[in-house]
Every structure is written in C-alpha cells, then in structure tokens.
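Fit chain to chain and form the complex, with the hints in mind.
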Amino acid sequence: MSTTVDIGTKNKKGQVYTDPNDLFFKTPRTSFFLTGSEIIKEAIKRSSCGMSVAYPITPQSEAASLIGELFAEGYVDIYSRGASEFDVMSICAGGSFGGSRCFTTTAGPGTLRAMENFPMWAGSRLPIQVCITCRGINSPLSIQPDTLELYYMLETGCLVWHAETAQDLFDFIMKGFIVAEQPDVHLPIAVACDGFFVTHTKDVVMMTPDDMCLPRYDPYRSPVPCMDMECPPVRMMRDPFVMKNNYISYATHASWQQEVRAAIERSRKHTEALLDGLIEVENGDAEVLIVSSGTAVSQGREAVTLMRDEGFDVGLVKIKTLRPFPSRELQAATRNAKRIFVPEFNVASWLAREIKAVVQDNQRVVAGPHVGGGMTMPPEIIMERILRTLKSDKEALAHV
Amino acid sequence: MSGLGGQGVVTSAHVLAMAAAKENKWSISNPFFGAEKRMAPAEAYARIGIDRIYDRGELVYPDAIIVFHPQVITMQKSYTAPFYSGLKENGLLIINSDVPLLSSEDEESLRKLNASTFYVPATKIAIDIAGTELSTNMALIGSVAGITNCVSLQSLDLALQDRFGKKYVASGGTATLDEAIKKKFAKKEQLLAKNLATVTHAYERAGAWANDNKYELMVAAA
Numbered sequence: 001m002s003t004t005v006d007i008g009t010k011n012k013k014g015q016v017y018t019d020p021n022d023l024f025f026k027t028p029r030t031s032f033f034l035t036g037s038e039i040i041k042e043a044i045k046r047s048s049c050g051m052s053v054a055y056p057i058t059p060q061s062e063a064a065s066l067i068g069e070l071f072a073e074g075y076v077d078i079y080s081r082g083a084s085e086f087d088v089m090s091i092c093a094g095g096s097f098g099g100s101r102c103f104t105t106t107a108g109p110g111t112l113r114a115m116e117n118f119p120m121w122a123g124s125r126l127p128i129q130v131c132i133t134c135r136g137i138n139s140p141l142s143i144q145p146d147t148l149e150l151y152y153m154l155e156t157g158c159l160v161w162h163a164e165t166a167q168d169l170f171d172f173i174m175k176g177f178i179v180a181e182q183p184d185v186h187l188p189i190a191v192a193c194d195g196f197f198v199t200h201t202k203d204v205v206m207m208t209p210d211d212m213c214l215p216r217y218d219p220y221r222s223p224v225p226c227m228d229m230e231c232p233p234v235r236m237m238r239d240p241f242v243m244k245n246n247y248i249s250y251a252t253h254a255s256w257q258q259e260v261r262a263a264i265e266r267s268r269k270h271t272e273a274l275l276d277g278l279i280e281v282e283n284g285d286a287e288v289l290i291v292s293s294g295t296a297v298s299q300g301r302e303a304v305t306l307m308r309d310e311g312f313d314v315g316l317v318k319i320k321t322l323r324p325f326p327s328r329e330l331q332a333a334t335r336n337a338k339r340i341f342v343p344e345f346n347v348a349s350w351l352a353r354e355i356k357a358v359v360q361d362n363q364r365v366v367a368g369p370h371v372g373g374g375m376t377m378p379p380e381i382i383m384e385r386i387l388r389t390l391k392s393d394k395e396a397l398a399h400v
Numbered sequence: 001m002s003g004l005g006g007q008g009v010v011t012s013a014h015v016l017a018m019a020a021a022k023e024n025k026w027s028i029s030n031p032f033f034g035a036e037k038r039m040a041p042a043e044a045y046a047r048i049g050i051d052r053i054y055d056r057g058e059l060v061y062p063d064a065i066i067v068f069h070p071q072v073i074t075m076q077k078s079y080t081a082p083f084y085s086g087l088k089e090n091g092l093l094i095i096n097s098d099v100p101l102l103s104s105e106d107e108e109s110l111r112k113l114n115a116s117t118f119y120v121p122a123t124k125i126a127i128d129i130a131g132t133e134l135s136t137n138m139a140l141i142g143s144v145a146g147i148t149n150c151v152s153l154q155s156l157d158l159a160l161q162d163r164f165g166k167k168y169v170a171s172g173g174t175a176t177l178d179e180a181i182k183k184k185f186a187k188k189e190q191l192l193a194k195n196l197a198t199v200t201h202a203y204e205r206a207g208a209w210a211n212d213n214k215y216e217l218m219v220a221a222a
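First to last, the protein sequences are chains A and B.
For the first sequence, our numbering gives the first residue as 1, with consecutive numbering after it.
For the second sequence, our numbering gives the first residue as 1, with consecutive numbering after it.
Don't take every hint at face value.
What the hints assert, rightly or not - With a cut-off of at most 27 Å between alpha-carbon atoms, the simulated DSS-like pairs for lysine-lysine come out as follows:
| hint | chain 1 | residue 1 | chain 2 | residue 2 |
| --- | --- | --- | --- | --- |
| 1 | A | K338 | A | K394 |
| 2 | B | K187 | B | K166 |
| 3 | B | K166 | B | K183 |
| 4 | B | K124 | B | K187 |
| 5 | B | K166 | A | K12 |
| 6 | B | K166 | A | K13 |
Claimed, not checked - Calculated Cβ distances over 12 Å to all of chain A for the following chain B residues:
| hint | residue |
| --- | --- |
| 7 | L16 |
| 8 | M75 |
| 9 | L134 |
| 10 | D157 |
| 11 | Q190 |
These aren't lab readings, by the way, just hints derived from the structure by calculation.
The beta carbon of each residue, even a glycine, is placed where N, CA and C say it ideally should be.
Okay, chain B solo, but in the shape it has when bound (with noise of 0.2 Å):
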C-alpha cells in the first residue's frame, strides 16, 4: 500500500491484517516510512496466508499494489521506481484515481507481467458517503477485499470496531489524525457506520469489476 503521510496508509494494513486475524488466517502488517509528515512517502503492507508468515520488512513481490495517491505515480512518491516494482505475474493495481494515470511505458511492463488494474475513485467515494476525504483509505480497503476476497466484510468490520473503538496509539502523528478524524463525527459510532458504509460501497463496486473483467487472485481460504 503506496500513499501520503496523512492518509492512512499505516492504518489501511493494520486493518486489513487484522481483519484476516479475525477469520483466523495467519497475517502481519508492518509500515515503511520516513519523517512523519504530510505528503511524504509511506508505505504499509499486509502480508496473508494460510500458514504462519514469519516474513516482515518491505514486500518486495507483492500480489497487489494499492496506489492511495496520485503523486505515488506522477511525482515518484514511492519506495521503489518505477512504484509497480516487484509486483507478481497476473498481479493486481488499485489505483486511487478517476482518470488513467499511467504512462504507456507503464501499461507496457503491466502488460507483459499481465497484470490488472483496478481505477478507483476512492477519494471522491470517500467524500459522498463518510463526508471527509480521510475515509479514502476505507474504500481502498473495500476495494483490494471485494475483489480478492482477501477478508470478508463482516471481518472488516469487526477489525474497524478494534481500531477506532477504543483508544489506540500508533504514533503521535496517528493519535491527532485519530483525534481529528473523531471530531468529524458526532459520536464513535457514526464514524464507525460512515467508515464501514464507505467500505461496503467500494467492496461492492470492486467485486462487481472482478466479475465483469473476471479477474481472480487466488487467495487460499482458512
């Protein structure tokens, strides 16, 4: 998972792996980043299996790659250049973004790797249903579950139940983007509802594009 500082990345993996915790698969997530700052690189990963993963660090050959920001792909705001490095055969791109981004060189090197990519409007998603572009992460999350099948969306949200409803302490740059996005809502668990309606939207729209594309990443069942 390629983004900004700000957005959520860090928070994205966790959850992820966290949800697969819950169904009982083996997973771990781990953050890759620089100075804690807005806009700044950072990268996260989640790692998801059937049998006990004792790797960490940076994934170097990921199955999929979720683009949270465009800069990760027009500014080179990422770890590894170009930011699609590594990604397996018939591998997968979500791309947060309603408008094609890659150059034809990119599409070229997908294409010989035959990977998909999955266009997104994930921010946008984001503002219409949670009403704050910091919910972009959430439709990330739906978008990379509903067409792997990764984790279910009853495990999402009782992962989104773990994080954001109790007190959690990442960083200290994590503890005021907590606090500010709580200031959004009214209550926890509206932010809770708003977070997982996004989720839901973005589970759906993706899984329907796996259907029609007929795009599957085989990811083992528990």
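Bound conformation, chain A alone (with noise of 0.2 Å):
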C-alpha cells in the first residue's frame, strides 16, 4: 500500500519508518491497560504527525493535552492552540494544504462550533483527522457521551469510523491516515469515540511497539494541485469561474460534491483491507438482530449474553465506519433477520434511520432502545426491549 520512499530509515526519536501493513498485521503487539485519552496519545506517536492543533473541550482536553506532551518530546512537528475550534480546524487546513498530517480533537459543542470547516476541508481534499470524542451538544450544559453530533458529521463530505472500545481507537487512528490519504480518497476523516465511555475509561489495548512508526504523509500524491507559490489555494476557493451563479458554475460544484462521495465510497476497498469489514458480525443467523456503533455495540454484546442466559438466541452486527456506509455489507447481514434492535446514545436514532435506509422490509427495525444526555445504557433495557417487542409480535400473530 505504501509507496512513499522512507521506509526503514529513522525519524529523529529513532522510530523506523514502517510499511503500514507490517506495522498493522504482522508485529508482535503488547497489551497495555491504559485510558482512552492516553490511547489517542500513543497513536499519534505512531503515526508520524506532523501538526496537531489543541482547543480545550471536555471530554478530549486530556488527549489534546498528552499530544502537547508529544510535541514537547519530538515526535509531533508542530503543536498550537486555537482560539476556538472554528480556529482550530481552519489552521489544520492550512497545515494541510501545506503538506502536513494534521490530527485534532474535538467534542459536542466544539464539533458543531467548527462545522463549517468540515465541508471545506472535504471539497479542499485535505486528509485531516479529527478524532470526535462525543458528549452533548444541547443546553442546558451536558459533558457526558452522547452521539448526536455524529448525525452533523454524515454529510460533510469526511469519512467517518466509529470506535467501539480503546482498541478500535488506537487501529482506527493510525489505519485511518492510512486510508484518507491514499490517493483515489484523500478526504478528510473523523474518528468517532463515545466521550468518557472510551476516552475516560481504562481498558486493555494491544498496541504495536512505540519504536515503529507510520510512514510520513506524502502531499505530492494528492489527487489535487497541492498548494505551493504557482498553485496558491486561493485559486481553487475563489476562482471566478466557480464563484459565477450560472449553469457551468452549478455543474461544477454538484460535480465536485458527487467526485467527494465517489471518493468516499472508493475508500472502501482500503478499508475493507485495514479493518476487516466495514462491519462485524457474530451469531449472523439469529432470527433477532442488534446493530449499532460505538459503545452501543458494547453494551449490545451484553445484551446477547443477558439474552442468550434466557434462552433467546439473539445476533449482533457492528457497523465500523458511517461513512462510507456499510450498505450492501448490511443488506446482506441482516437478510434472515425478522427483528433489527438499534440502540443508540441519541435522542434521534439517527442510525436506526440510516440503516431502515438501506434494507429490505425495514419495518423489521426497531429504533431503540435510546437514551439521551449521556445516560448510561444498561444492558438489561436492550434485553426488555427485545422481549417486549417480542411479546407484542407474538400477539399480533395471535390475532391473525
């Protein structure tokens, strides 16, 4: 997958430049028990950086705060803060445009205050990540997790993987430079994780060894002119001929925005390589079917437990990535399916939407169960759902 020419050779703190594929698949890994936050760090140590850009919002401030740390130890090139995050996400763009591999964090509030910049670093093709650690995003004030501003992210033109455990952060993290930057995608991506869930919580991840490293980011394979004194990115944002308000002018950006999709939906086959599937599923054939994202996934897998204890055989689908959206790899998944249980940590059940999208008979699926404002979902309301919409099926069979 790796063409750039660094391979082998060190960086500056002795890390060995490393085919990804070595470094993903075939190093011995090493298992730590470390907080999400400290997991965000030990990627980015990994993934050759070369800028990062800090604006204090809980729950990320400790990740944003830890990657300071590496900046001050070498391994991040450039590190600043923001005055805000609409700041923070424009002076990664400029990073970007610059040639660097840009990372941030976010959350709730901070994600929607810099929202304009999602669109425009899609429609820039620069492959930014920015790792959205979710909490609440409404008033009255609310820190805890809550997946609301992920349904913002879904058109944004950015890629989007939703972390279920540290783990999946620290793959999702490294792997997605890896995927954002190839040159028929090169799009900006967000990797998800459920604020305090996953970023506050301490779990056992096996991580590959801190002396190896990604290679660096090569801006010479972008599949747009890169910013340099001929090709300024002023040339491409303002440039008359896309700025005119006639038929040519509308072509051009419903092209362009249709070019982002297609690129979005081209990342697949890299994705599919680096994290087995855009999803992931276990007891397929279940008849009852949870699918979700995230810590939803989690709590679902206690929920299969709780279930399987009473003598249900009940299924689960993890769904990895939003964007692209694992459509067909769904149809498939939930073919034999007669019941489909989205829990979600939002009050819209944006997913349960996205997912009655794309299947067949999507009166199968059941939107919930939900919380909202960073409840916590314990795995005992899935299970009450479940029989509950079971008991009701039964009786409206009885009925026939």
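What follows is the structure, given as structure tokens:
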C-alpha cells in the first residue's frame, strides 16, 4: 500500500518508518491497560504526525494535552492552540494545504462550532484527521456521552468511523490516516468514539511497538494540485469561474460534491482490507439482531449474553464505518433477521434511520432503545426492549 | 465508588481495575462526574471479572458500593437516590465514617437486600498512617480488596507503582492533585510506601471484619 520512500529509515526520535501492513498485521503487539485519552496519544506517537492543534473541551482535553507532551518530546513537529474550534480546524486546513499530516480532537459543542470547516476540508481534499469524542451538544450543558453530533457529520464529505473501544480507537486513528491519504480517496476523516465511555475508561489495548511508526504523509500523492507558490489555495477556493451564478458553476459544484462522495465509496477497498470489513457480525443467523456502532455495540454484546442466558438466540452486527455506510453489508447481514434492534446514545435514533434506508422490509427495524443526554444504557434495557417487542409480535400473530 | 471531587474516587476505580489487570483478570473502569470541582459529586466504577467485560458507563447494579464522604449520604451527593439504589442482593456497603450514618429507612431497605455494611474511618486511617487525608482513597481501596479479595495486595502495590510512579494525566484537576500529593512527600518512593501502608492497614482490618462477620462476596478467581 505504501509507496513512500522512507520505509526502513529512522526519524529523529529513532522510530523506524514501517510499511503500514507490516506495522498493523505483522508486528507483535503488547498488552497495556490505559484510558482512551492515553490511547489517542499512543496512536499519534506512532503516526508520524506533522501537526496538531488543540483547544480545550471535555472530554477531549486530556488527549489534546497529552499530544502537547508528544510535541515537547519531539514526536509531533508542530503543535499550537487555536482560539476556538473553528480556528483549530482552519489552522489544520492551512497545515494540510501546506503538506503536513494534521490531527486534532474535538467534542460536542466544539464539533458544531467547527462545522463549517469539515465540508471545506472535504471539498479541498485535505486528509486531516479529527478525533471526535462524542458528548452532548445541547443546552442545558452536558459533558456526558451522546452521539447526536455524529448525525451532523454524515454529509460533510468526511470519512466517519466510529470506534467501539480503546482498541478500535488505537487502530482506527492509525489506519484512518492511511485510508484518508490514498490518492483515490484523499479526504478528511473523523474517527469518533464516545466520550468518557472510551476516553476516560481504562481498558486493555494491544499496541504496536513505539519504536516503529507509519511512513510520513506524501502531499504529492494528492489528486488535486498541492499548495505551492504557483498554485495557492485561493485559486481553488475563490476562482471567479466557480463562483459565478450560472449553469457551469452549478455543474462544477454538483460534480465535485458527487466526486467527494464517490471518493468516500472508493475508500471501501482500503478500509475493508485494514479494518477487516466495514461491519463485524456475530451469530448472524439469529432471527433477532442488534445492530449499532460505538459503545452501543458493547452494551449490545452484554445484552446478547443476557438474552442467551434467558434462552433466546440473538446476534450482533457492529458498524465500524458510518461513511462509507455499509449498505450492501447490512443488507446481506440482516437478510434472515425477523427483528433488527438499533440501540443508540442519542435522542434522534439517526442510525436506525440510516439502516431503515438501506435494508429491505424495513418495518423489521426497531429504533431503540435509545438514551439521551449522556445517560448510561444498561444491557438490561436492551433486553427489555427486545422481549417487549417479541411479545407484542407474538400477540399480533395470535390476532391474525 | 461514590464521593466528592478531589477525594480520588476516579483514581481509586482506575487503581482497582489496574490491579485486577495485573493478575490477568478482565477489568474496566470509568468515571462519571459533572463539573470538575472539589466537593461536587463524583462517581467511578470498576468492573472486574474472569470473562471479557464490555459493559461500561454507570454501574447500575453494583455488587459493592463504597462511600468516600459522609455527604454522599447526608446531603444526597450521589447520582442515584437513595445512594444505594441498584445494589444487588447480598451486596456490600463500605462507608468512610466512624459514626453510623444510615437512617432507619435506609437500614430497613438494606436489610431486605441482605446487604452488609462496613464502616471504616478511612480519612482517620489516612491521616494516622500516611499523614494526609489525601490518602483516604487508599484506605477504601484496601477495604474493598480486604473484604472481597477481588484483587491481591501485591497487585494493588503494582497498580500504585504504575499510577504514581510515572507521569500521568487524567485531567487538569487530577494533574494538580497529583502534584499536591507529591509535594506532601519528600520522595516518590515515600509516597508509594505510605500509600501502600494505608492500603495494607485497611486491607487487614476489613479482612478481619469479613472473617468475624462471615461475610463473603463471591468474586471468581482468574
């Protein structure tokens, strides 16, 4: 996959630039017991990150602070603080236009404050990575995990991956750079995790050695002209041809929007190889399936066990990538299911809507259970929702 | 684990879970708090078992509840009401106090659950042994381990070395507190030794209580 020339050489910290496939799949890993915030630091330490920009907002502040330590230690070339999340994302754009591998973190209200930049990144084909540590976005203030902000991310043109655990987070951050920077993709990527449930939770993670790192980003593999003195970004952003209100202008924008979405789809082949598919299926032949992403998958796993103890056969589908959305995979995985439950940590049940839009016979999809405002979702309430629905299905049949 | 901001509740859950991981048990720990300020309610949860644990977030049905500060009970500074809501049958309650704090209504509810209550003057033990009330959480970690045997003293020692033996950032507040407690001791080794002594004292005291009361919380061995 990698064509950069520095494989096998060492960086200034003595880390060996390693082919991503070797680093991800052949290098022996060691077990650590760390918080998600620490894992973000460890992933960035191994990612040959050129630039990171920080702005405090719970629950990502620890991660941003720890990346500052990496800068102090020499693992990150440039580190600065923005004046706001909008500023942070704008600085990242500048860094990426300038050819740097950029990483930042944000959460909840910060994500929304930064929002204008995400479609700008995508349209400009900047493979920046933002780690979104989900939290509530509404007033009254909440710092607790709530995934509503991811709904806003879905049509920004960014790749959006949703980590279930700290292990996912470690792998997704490093693999995310590689997929996002492919010439036929070359898009920003949002690697999301649920705040506190992942960022502040200590969990077991298998990590690659810290004396090995990813090859550097090569901006000359970009599918659009990279920024230099002969091609400043202002030509792309403000060219009068693109700004005119006429058919050609509309067609230019429309075709570029389609191209960005096509690039998201082209990321599939790279993502499938690195993440072992866009979804994970356990006991897929079961008539009842729990389908979700993020922490809701973990709660779903516990619910599967509880249901098994009660004598019910329940399967589980974990969605790893929200963009590209695994439509084909979900159609196949849910083919035999009579009921599909979608537990979610948000009030809108947006993931259930996404699933309903792609599976056949979508009356099978139950949008729930869902919790909002950062509330915990005990597996017992998933079980209760399943049992209640199955009972009602049985009663409906009895009346036929 | 239910207490107030600044008492090391989050640290306690992390240390307990780390100790479990040291002896190859599955464990997971996470905190739950609002604004990071002293005296505000703070909770943290440690799940320990022999099978992979996926469940995270608030521990809704705990086997044991540890109360770090009397105000959790007397001023309802907890995230559930009553503070023992969800405690399983035959569960365990450890309360940092040298005087009884439960109302007769609480005692009746806990009796119906067949729950056991262990009062331990954790802050007093911390001051007597470590010389600072900041080690209160160490006495409570020792208590829960002494009664349940969910982790060994040796594993707790290793976890404490991990937690305090190197630089650690959990949050701005935690970093400040870490610096504060390190200043209490001339050397990091002294901090570790005093903390472990506090843990050990509470471990033995709680173990003796469990023995005397024939209390046994079933926690499977790895």
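Taking the hints in turn, this is what the structure says about them:
For the given pair, K338 of chain A sits about 12 Å from K394 of chain A by alpha-carbon distance, which is consistent with the 27 Å threshold. A threshold of 27 Å between alpha carbons decides the hint, and for K187 of chain B with K166 of chain B the separation of about 13 Å falls inside it, so the pair holds. Among the hinted pairs, K166 of chain B with K183 of chain B is consistent with the structure: their alpha-carbon atoms are about 15 Å apart, no more than 27 Å. In summary, the hint linking K124 of chain B to K187 of chain B is supported, as the alpha carbons are separated by about 23 Å, within the 27 Å threshold.
For the hint linking K166 of chain B to K12 of chain A, the alpha-carbon distance of about 24 Å falls within 27 Å, and the restraint holds. Taking the CA atoms of K166 of chain B and K13 of chain A, the gap is near 21 Å; set against the 27 Å cutoff, the hint holds. With a least beta-carbon separation of about 10 Å from chain A, L16 of chain B fails to lie farther than 12 Å from that chain, contradicting its non-interface assignment. Once the 12 Å rule is applied to beta carbons, M75 of chain B is consistent with being away from chain A; the minimum gap is 22 Å.
The Cβ of L134 of chain B lies farther than 12 Å from every Cβ of chain A, with a closest approach of about 21 Å, so its non-interface assignment holds. In this structure D157 of chain B is separated from chain A by more than 12 Å, as the shortest Cβ-Cβ distance comes to about 15 Å. At roughly 25 Å from the closest C-beta of chain A, the C-beta of Q190 of chain B stays outside 12 Å, upholding its exclusion from the interface.
The structure fails hint 7 only (numbered hints given earlier).
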